Amino acid sequence: MHKILIANRGEIAVRVIRACRDLGLGSVAIFSDCDRSARHVRMADEAVAIGGNPPAESYLRIDKIIDAARASGADAVHPGYGFLSENEDFAGACRDAGLTFIGPSPEAVARVGSKTTARMIAVSAGVPVVQGTKAPFGSEVPDNEIATAAEAIGYPILIKAVAGGGGKGMRVVSGREELGSAIRSARSEAESAFGDSSVYLERRLVRPRHVEIQILADQHGTICPFVERECSIQRRHQKVIEESPSPVVDAALRARLADAAVAVAQAAGYTNAGTVEFLLDEEGRFYFLEVNARLQVEHPVTELISGIDLVHWQIRIARGEKLTGLPLESLTPHGHAIECRVYAEDPDLGFMPSPGRILALRAPAGPGIRDDGWVEAGSEVPIFYDSLLSKVIAWGEDRPQAIVRMRRALEEYEIVGVRSSLPFSRWLLARPEFADARFHTGFLDELLQQRAGERFEAPDPSLEEVAAIAACLVEASAFGFSVQEQQDRGGGIDGLFAGNNNHGRATSPERSWKALARREGLRK
Amino acid sequence: MRFEVETGEHRRTIDVRSSADGWTVTIDDRTISVDFARAADRWSMLVRRAEGDAPASHEIAVESRGQGQRLVYVDGHAVPVRVFMSGRRRSTPGSASTASGPIAVVAPMPGRVVKVLVKAGDTVAARQGLVVVEAMKMENELRAPRAGTVAEVRVRAGAPVEANVLLVVIT
Chain A
1 MHKILIANRG EIAVRVIRAC RDLGLGSVAI FSDCDRSARH VRMADEAVAI
51 GGNPPAESYL RIDKIIDAAR ASGADAVHPG YGFLSENEDF AGACRDAGLT
101 FIGPSPEAVA RVGSKTTARM IAVSAGVPVV QGTKAPFGSE VPDNEIATAA
151 EAIGYPILIK AVAGGGGKGM RVVSGREELG SAIRSARSEA ESAFGDSSVY
201 LERRLVRPRH VEIQILADQH GTICPFVERE CSIQRRHQKV IEESPSPVVD
251 AALRARLADA AVAVAQAAGY TNAGTVEFLL DEEGRFYFLE VNARLQVEHP
301 VTELISGIDL VHWQIRIARG EKLTGLPLES LTPHGHAIEC RVYAEDPDLG
351 FMPSPGRILA LRAPAGPGIR DDGWVEAGSE VPIFYDSLLS KVIAWGEDRP
401 QAIVRMRRAL EEYEIVGVRS SLPFSRWLLA RPEFADARFH TGFLDELLQQ
451 RAGERFEAPD PSLEEVAAIA ACLVEASAFG FSVQEQQDRG GGIDGLFAGN
501 NNHGRATSPE RSWKALARRE GLRK
Chain B
525 MRFEVETGEH RRTIDVRSSA DGWTVTIDDR TISVDFARAA DRWSMLVRRA
575 EGDAPASHEI AVESRGQGQR LVYVDGHAVP VRVFMSGRRR STPGSASTAS
625 GPIAVVAPMP GRVVKVLVKA GDTVAARQGL VVVEAMKMEN ELRAPRAGTV
675 AEVRVRAGAP VEANVLLVVI T
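Protein chains in written order, with our numbering: chain A, 1 to 524; chain B, 525 to 695.
Source of the hints: derived by calculation from the structure; they are not laboratory data.
These numbers were taken from a predicted model, which means no experiment stands behind them.
Among these hints, one or two may not hold up.
Unchecked claim - Covered stretches of chain B (in silico footprint by chain A; criterion: 3 or more residues with CB under 8 angstroms from a CB of chain A, positions within the stretch not fixed):
hint, stretch
1, 528 to 540
2, 570 to 576
3, 584 to 594
4, 629 to 642
5, 658 to 666
6, 671 to 685
To be verified - Partial pick of chain A residues on the chain B-facing surface, computed with a CB cut under 10 angstroms:
hint, residue
7, 383
8, 415
9, 426
Ideal placement from N, C-alpha and C gives every residue a C-beta, glycine not left out.
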């Protein structure tokens, strides 16, 4: 293996390019039109244009990506996460083209990609699953048949897309009267996201926690499990904060979770890096949820407490190496790590996406802090893709130190030009429930509902006065000593800004829509 | 130079004059001294509130949003500010929640209409969902800024929309 094509963009493409550098391998980026000058393109050794901005014209085009690999002479492909990372046709197309796919075999991807098949595999491996329906309900199955199955399980239930992921095509149903509309919306979301409207039912656990086991599996039969990650802090089924180890898992439970994860991976014939997800109930019983057949967004927390570079090992496993050099104590946590995702969205406007140009940016650094991002001052955040800007990961000797460092990092982090989720993360990290680890998968949604739109960036009167003075001094400094002259030329307070350091953004559509959205009260 | 500055509900008159060691700033009736220096794409601000005090140090970044609106970052915390030179303030339109004329609901960003939840003639409550627009892999429900009647629906489900395109008119 000499050169890897990274079939992705954003922070994960940057992450994989770094691993290529470390291993002395060449890197090839791919890019859509709007990503022409993106960070991953500039960072890679080579870069190939693959088409239009919508993912369906570029990052999801298997044919164009295989052509790009051939044209660049790459001999391996890393899919990152999202896009084609869990698509068995893509893994198969790479194999057919003689390229090493850095991930599991197409057969294993297909086996765990269907949630109902994955559940059967877990059952066959002796791993408990949440009570639910065995076979998928295809689009032809009438609602009353699903209703009968729901009665048998008992409300509340979850409707889930068989091909699902990332909370898409998932609905909570608390009674028969809600079932019809929930089936319709889950099916339509699943159809548009995965091209498959099949669904199945699962009993809804009361206040479960989400824990997951990272595994590495080589092609020689060795499977190495790592210390669990806890990802219970979710907004609408999307992970917001992840940490490792879980504050509620002891060594005995950890060993049982790890055994279960290894059993599932073995039964699925799984190789390379993957994650086996579980729900943990209030009595400490766990249930298999699903397998993520890829590197995960939250992989850095495992890297920080294990000292293992998971992307290195993905590449080494793909080229046939054995899992030998790994430390034997992979189930002993070294300290504690927490990850916060930083999104380009406005938490004070119902988490509405906030695309546009970054005007200034400072990422946090210092002891115990890692920042995996892809934007810098001048970067354009396009509207076409996921709005993840960066992940901040804090490491501490113990959980309290990791929290203190994360809070410091979030204070240091500054993103000017687009709204970000930082004020929300700062608020969350300051909550007593977080410090005490009192949470479950529905905790954050409940808390947000109680807030009913209250601002995260609470106005601090002392900051307001400083801001007011600063605003005047910026104007006055720009005016210099020729105030009268400026006024005579109609320079006005905004005319001056357009020529200052704001790239004329005052009148750009992105700016005006936000102003408009505020004026019109278009909030969720 | 004299400015009128609004932060939230609070309004201040601020007078700034350059002095030997920075700026003399008068806020309403109080006077303080401020050292305000450029630092790359930001500003470094030292505020001495009383003679003999050690100055407080703040880092400032400013994002302009037009019409005198600024987002001022103080040590990373964003504070919305409106600033006008005294005597030069333009009249401002009434806020949407109190206006009684027709209100245009426009697409806040380019995207695709996923669902239209109302039709012409419907009576809608304030904050009732009107249209769902998908952008950046997320579905965003656009809501009625106030109660009224739907006069016009300009889009259908599935249609791509540009930013600021008119979607729904409420009277």
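Status of the hints after comparison with the structure:
Given a C-beta distance limit of less than 8 angstroms, the hint that chain A covers the stretch 528 to 540 of chain B holds, as 7 residues qualify and 3 suffice. Proximity of the stretch 570 to 576 of chain B to chain A, defined as three or more residues with a beta carbon under 8 angstroms from a beta carbon of that chain, is not established by the 1 residues found. Here's how the stretch 584 to 594 of chain B fares: 11 of its residues keep a CB closer than 8 angstroms to some CB of chain A, so the rule of at least three is met and the hint holds. Requiring three or more residues with a Cβ within less than 8 angstroms of a Cβ of chain A, the coverage given for the stretch 629 to 642 of chain B holds, as 7 such residues are present.
For the stretch 658 to 666 of chain B, the proposed coverage by chain A is satisfied: 7 residues have a C-beta within less than 8 angstroms of a C-beta in that chain, meeting the threshold of three. Three residues within the 8 angstroms Cβ limit are the bar, and the stretch 671 to 685 of chain B against chain A gives 0, so the coverage statement is violated. Annotation: residue 383/A was flagged as interfacial toward chain B, and the flag holds, the nearest CB pair being 5 angstroms apart, inside 10 angstroms. Interface restraint check: residue 415/A against chain B, minimum CB-CB distance 9 angstroms, threshold 10 angstroms, status holds.
Hint on residue 426/A holds. Least Cβ distance to chain B is approximately 9 angstroms, under the 10 angstroms limit.
In summary, the structure is inconsistent with hints 2 and 6 from the numbered list given earlier, while agreeing with the others.
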